[in-house]
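Trainee: Letter by letter, the chains look like this.
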Amino acid sequence: MFSKDPDAALVRRIAEGDEVAASTFVTRKLHRVLALAHRVCGDRAEAEDIAQDVFIRVWKYAESWKKDDAKVDTWLHRIVLNVCRDRLAASHRRHEVGGMELDMQADPGPTPESAAIGQSTRERVRLALQALPVRQREALVLTYYQELSSAEAAAAMQVSVDAVESLLARARRTLKQRLLDSTE
Amino acid sequence: MTADETKRERMLDALLDTLDSPEAGPALRACVMASIPPARPSLVRRHPWWSGLGLVGAATAGAAAGTLCMSLLLAPLAQTTPSPGSPEGALSFQQSSFVLPAAGAQEED
Chain A
1 MFSKDPDAAL VRRIAEGDEV AASTFVTRKL HRVLALAHRV CGDRAEAEDI AQDVFIRVWK
61 YAESWKKDDA KVDTWLHRIV LNVCRDRLAA SHRRHEVGGM ELDMQADPGP TPESAAIGQS
121 TRERVRLALQ ALPVRQREAL VLTYYQELSS AEAAAAMQVS VDAVESLLAR ARRTLKQRLL
181 DSTE
Chain B
185 MTADETKRER MLDALLDTLD SPEAGPALRA CVMASIPPAR PSLVRRHPWW SGLGLVGAAT
245 AGAAAGTLCM SLLLAPLAQT TPSPGSPEGA LSFQQSSFVL PAAGAQEED
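Going down the list, the protein sequences come from chains A and B.
Counting from 1, one number per residue, gives the positions in the first sequence under this note's numbering.
Counting from 185, one number per residue, gives the positions in the second sequence under this note's numbering.
I should point out that these hints are in silico values taken from the structure, not numbers from a laboratory.
Here the structure is a predicted model, which is why all the values come from computation and not from measurement.
Worth double-checking, as some hints may not be accurate.
To be verified - With a straight-line cut-off of 25 Å between C-alpha atoms, the simulated SDA-like cross-links for lysine to any residue are: (1) A:66 <-> B:217; (2) A:176 <-> A:134; (3) A:71 <-> A:122; (4) A:66 <-> A:16; (5) A:66 <-> A:26; (6) A:4 <-> A:144; (7) A:4 <-> A:15; (8) B:191 <-> A:71; (9) A:60 <-> A:24; (10) A:60 <-> B:237; (11) A:176 <-> A:90; (12) A:66 <-> B:236; (13) B:191 <-> A:146; (14) A:60 <-> B:214; (15) A:176 <-> B:192; (16) A:60 <-> B:209; (17) A:71 <-> A:157; (18) B:191 <-> A:165; (19) A:60 <-> B:218; (20) A:71 <-> A:61; (21) A:71 <-> B:205; (22) A:176 <-> B:195; (23) A:71 <-> B:221; (24) A:60 <-> B:221; (25) A:176 <-> B:194; (26) A:176 <-> B:199; (27) A:4 <-> A:157.
Take these sequences, add in the hints, and give me the full structure.
Mentor: This is the structure:
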């Protein structure tokens with residue numbers, strides 16, 4: 001299984017303290033990590049912080065990966081999701097403490113004012129994606145943008161394949177309602 | 185799936201495709217690169233137990249050096265052991281030829 005994984009040897013070398021392997025890993029994975037973090041958390045600066053945290057965890061836990069029964073990419077996606085969840089939970093707590101309840105389930109939707117000033121399609125999609133429940137958003141981002149199979153996404157999210165497919169179907173249904181029905 | 189549903193699915197995909205991801209800038213790359221831990225010496229990297237062995241070796245060397253120092257320090261003291269017949273020797277469980285002066289006897293100056 002690992003012999004087919006192009007990153008397996010790289011992670012083994014990282015675990016042995018090989019700086020060149022670590023540098024190659026950053027070159028190979030940074031964009032993918034940043035893209036996932038950005039789409040899940042919705043903020044560029046936050047995504048950059050997440051990317052840094054992710055690589056620190058990779059250096060720290062590279063040795064334990066050998067015992068894990070997952071491809072490097074799946075393992076890496078799992079780390080990104082865990083860091084994103086930690087950050088989102090912390091952000092949620094901060095908003096609650098500050099008296100500004102942040103409802104991740106709520107749909108901000110395009111207000112008449114924002115429509116009037118000509119909000120771009122990209123922004124509408126970004127807002128609709130951010131308004132999805134976290135699990136649905138993760139399932140969509142992993143399968144659509146990161147191009148993982150349902151099985152790989154399930155492994156990264158640590159849920160069953162059926163659960164991923166259900167989350168994905170609900171996410172797409174919600175997005176269609178929010179993005180297509182509002183324009184029709 | 186109906187034709188209408190297929191069309192809606194394609195429209196959603198088209199909308200999702202508009203959402204691009206940011207490029208990793210050189211500053212971020214530099215930060216991540218800076219977080220790479222420094223390489224460990226190859227001997228320790230390949231045989232992690234060597235570091236433990238080194239610790240044991242250092243401890244043994246320290247103990248040997250300590251013993252040597254103590255023996256060097258104590259050697260002069262050993263040489264000042266009271267000789268037979270000296271008053272200090274009377275305190276030890278040794279046969280002594282020291283004879284207490286008789287009562288009333290005058291000491292010679």
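Trainee: Hint by hint, which ones does this structure get wrong, listed from lowest number up?
Mentor: Numbers 3, 8, 11 - these are the hints that the structure violates, sorted from lowest upward.
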